[in-house]
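S.K.: So the chains spell out like this:
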Amino acid sequence: MRALPVAARLYVGLVALGAATVILLGVLLGPIAEVDLDTLLLLAILFVIAESIATMVDSGKTGISPASAASLAAVVLVGPVGAAVVGIASGLVIRRQDLVKRLFNGAQFVVAGYASGTVFQLFGGRMGVPDPGAFPWIILPFTGAVLTFSLCNTLLMTGLMWSLGELRLRRPRHVRWRPLATLELSSIGYAMLGLFIAAIWDAVGPFAVLLVLLPLFIARWAFDQYVFQQRAHDATLAALCQAVETKDYYTRGHCMRVAKAAAMIAEELGMSAERVQTMRYAGMLHDIGKLGVPTKILQKAGKLTEEEFAAIQLHPMRGYEIVREIDFLDEALVGILHHHERMDGGGYPMGLAGEDIPEAARLVSVADVFDCLTSTRSYRTAWSAEDAIAELRRCAGTQFDPRMVEALVRAVEREGWEVPDLVEPLSEECEARAARTPQNGTGARTGEAPADVVPAGAEPAAQNGAGADVTVGAVEEAAGS
Amino acid sequence: MTNSTSTALPRRTGGAHGRQWRAVGWTRPLLIGAALAAAAGSLLWTAAVSGFEQPRITLAFGVLVAVGEFARITLPGGREVAPVAAASAMSYAFLFTIAGEPVLHSGLQVVAVVAVGMALGELPHIMVGRPPQWGDLARRMLSVAVIALLFKPLVALVDLDGPLWWMALVLMAVIVVVVWAADSVAAAAIRADRLRTRFVVTVRDEMRAQVAIGMAVGASAILMALSVHVMGLTTLLVFIAPLLVTEVAFRRYAQIRRTYLQTVRALSRVTEVGGYVEPGHSRRVSRLAQGIGCELGMSESELLELEYAALMHDIGQLSLRDPIPSGATVLASPREQSSIAELGSAIIRETGVLDGVAELVRRQWEPYTGDGDAGPPPLGSRIIKVANAFDDLVGDSTDRDRVEAVLQRLRMDTGHEYDPMVVEALATVLQRPHPSRRDD
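Taken in sequence, the protein lines are chains Z and D.
Per the numbering used here, the first sequence starts with residue -11, numbered consecutively.
Per the numbering used here, the second sequence starts with residue 4, numbered consecutively.
Accuracy of the hints is not assured; some may be wrong.
[To be verified] Stretch-level coverage of chain D by chain Z, calculated; a stretch enters the list once three of its residues show a Cβ under 8 Å from a Cβ in chain Z:
no.: 1; stretch: 210 to 222
no.: 2; stretch: 264 to 270
[Claimed, not checked] Examples of chain D residues toward chain Z, derived with CB under 10 Å:
no.: 3; residue: Leu152
no.: 4; residue: Val180
no.: 5; residue: Trp183
no.: 6; residue: Ala184
no.: 7; residue: Ala244
no.: 8; residue: Thr274
no.: 9; residue: Glu281
no.: 10; residue: Val356
no.: 11; residue: Gly359
no.: 12; residue: Asp376
Everything labelled a hint here was simulated from the structure, so no lab data went into it.
C-beta: ideal position from N, C-alpha, C; glycine also.
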């Protein structure tokens, strides 16, 4: 591990000093004498076991531990000083960790335990196993203790992050509240169980902890499995999508970039996390039906015959057919089916117009065209993000939903957009393409041009002058991709 | 021969032996019959003779069982579980006292209450056309009946407030473990029958699949019984919280597993839509491969890998510029076959999580005697090779003569190309009136 910054060392030292003071005062002033030492020892051992198992089971991301239940049980059973002493045990946890971290963890639990114990007694909680008569009013002081515990831990951790320089103060709007709230809530949930461990402590002693925590460990294990499978699923989906694109060198990575753009728009529109994910899937899979279109049509330069164009127009339908059995896609399905509809009703496959086009489809359409314009094709170089945005704005209302375009613009302004940088393809491929390019320049007119093929004249330079007519074609044809 | 392949080969000798161990078809009807009889008998007895003791407690547990049953989940492999219902029912059987007040109900009453609760919980599911898996339901019901009948007479011997209080804990734990093991064996028998695979293999599969959730349910049941003993009925709801968290986690896990399978199944069709292979090819190969895998006693995790590999075995063709005629790889040259397999395997390896599947796909074209120094390909690859060849040659046809002719052709190539054991397993699978299916 790299050396800690001075500020962090100082901070850990301070917290440790505070913890030591608490323990010393407790021992010297005598409240420790009233504590049942057997209970204290058992609790400490349990704490270590719970925390160790938690680290073994956990993937290390969540940062909360069910061992806090043991800590809170100590608050009830052995009072503030007892809880502080139990907290020391967290320094002994079996895991690979260096001394400074252990010191900090120990000190953190000591301080939090002492503070919450004090609050518990301030609100009228009594030390020792609560008798049945104490319910349900004992909940009040205990809730106070839990909140104090959670607050202490959060504050101490924030302090550490800040002193490590890993925490930057952000404007409240940009902080992701949801994961934070989930984390806090679950840690409070764990801590609440402490009361119940304390309550049945008399009947079954330390087995109480085992019985309470076993289901939780299993839950956590199952949850980890879930997270793993989720990642595996996403990776598989992405790999298969990319496999579909391998045929055409220039469209490589297209699906992943459209997925990203779609997610950016969805986030900008304030959609829920699940819908953002759905839009991402829609973007990822929107062109999967291209596979049903023969390669030679996709890569054909120049004019397409009626039949060839009809074959291309089939691809949203084909894509829909492939993925419609996947339940989770949900709204994404209509996004895939309708991503070539136009606001003025001139699109395909159904010719829907305006609000009749599903929201997902309007969103994917913008993301799709934006990526087409900003990436290199065999017949032209990539546009800059600014040019592409100007083009999208120009076609907003006729082809695109202005709301989606503006959302994309805001998102790109805030987060930026990395134009894919393409390594030049193998030289023979280049030559093969170069041989075909001149045909493109001969000004294929709008609608009938192949998907993905933009006349060479449609470069941004042309856009300023007389090329306006041609640029209309640019977007329309890019939209055909 | 390398170590990795030697694990697959001894199965050949185990084939005949394994067949003897195959479970007979009456396990499931027997369990369902026993559960029905237990429910009817205990209900009659309780309603007509003894009457329902302590209605408040009865009602509380009955409602919990019903709610838990309503919230049942289906784990991967089509296993239906209802953790909350199971734990509530078990803790009802385990009750000693309710905050000092003695418990009066008999074991028969426990069975009756649980039966009614389960029926009520299932009712909405049945009404919307999602009937439970009756075998699993019967197992859940019978587990509780066995626990009640075992525990009730024994608990009288233990004094929970005396020095031997821990005996009660040990007793409960032992009963939970014994009943869990018996339940797994019953589940394995049903499964072996349904998939037509070996009993020993399914016992291992069931135990592995049920151990985590079984522990959570057992611990929660004991905890709930104890908490009611100490603090009365009100704490019941609180102590079910850890189990609820567990159930939620498992529900999400089961869901993503289903989704994963759906995605792979759907995307395996891109090769069909692209005109690289015949429509339905991937699915037919996958179903055949699974039937053969079951026949040869593959474990559940191996079968899943096999299913993924079979579904995606032709994905390498996406990299071909033009489809090979009718997509039949069996007619392609070994060099083409090998390059398709390599490309497909590279695509799958790209996921970073399906390395086993990628390996099966990579070696699917090799003759069963092996190619070069690497030794014979893994069993999964050999199965895919046979299933793929069979489907390429037969296609959608169900004509018996054609099937026989193709089988004969495969048999003639067993000297070098196809694994004779796999071909014979295929013949067995094809003889069945209905191909075995997995419902998950």
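S.K.: Any hints this thing doesn't respect? Which numbers, in order?
M.R.: 3, 4, 5, 6, 9, 11, 12
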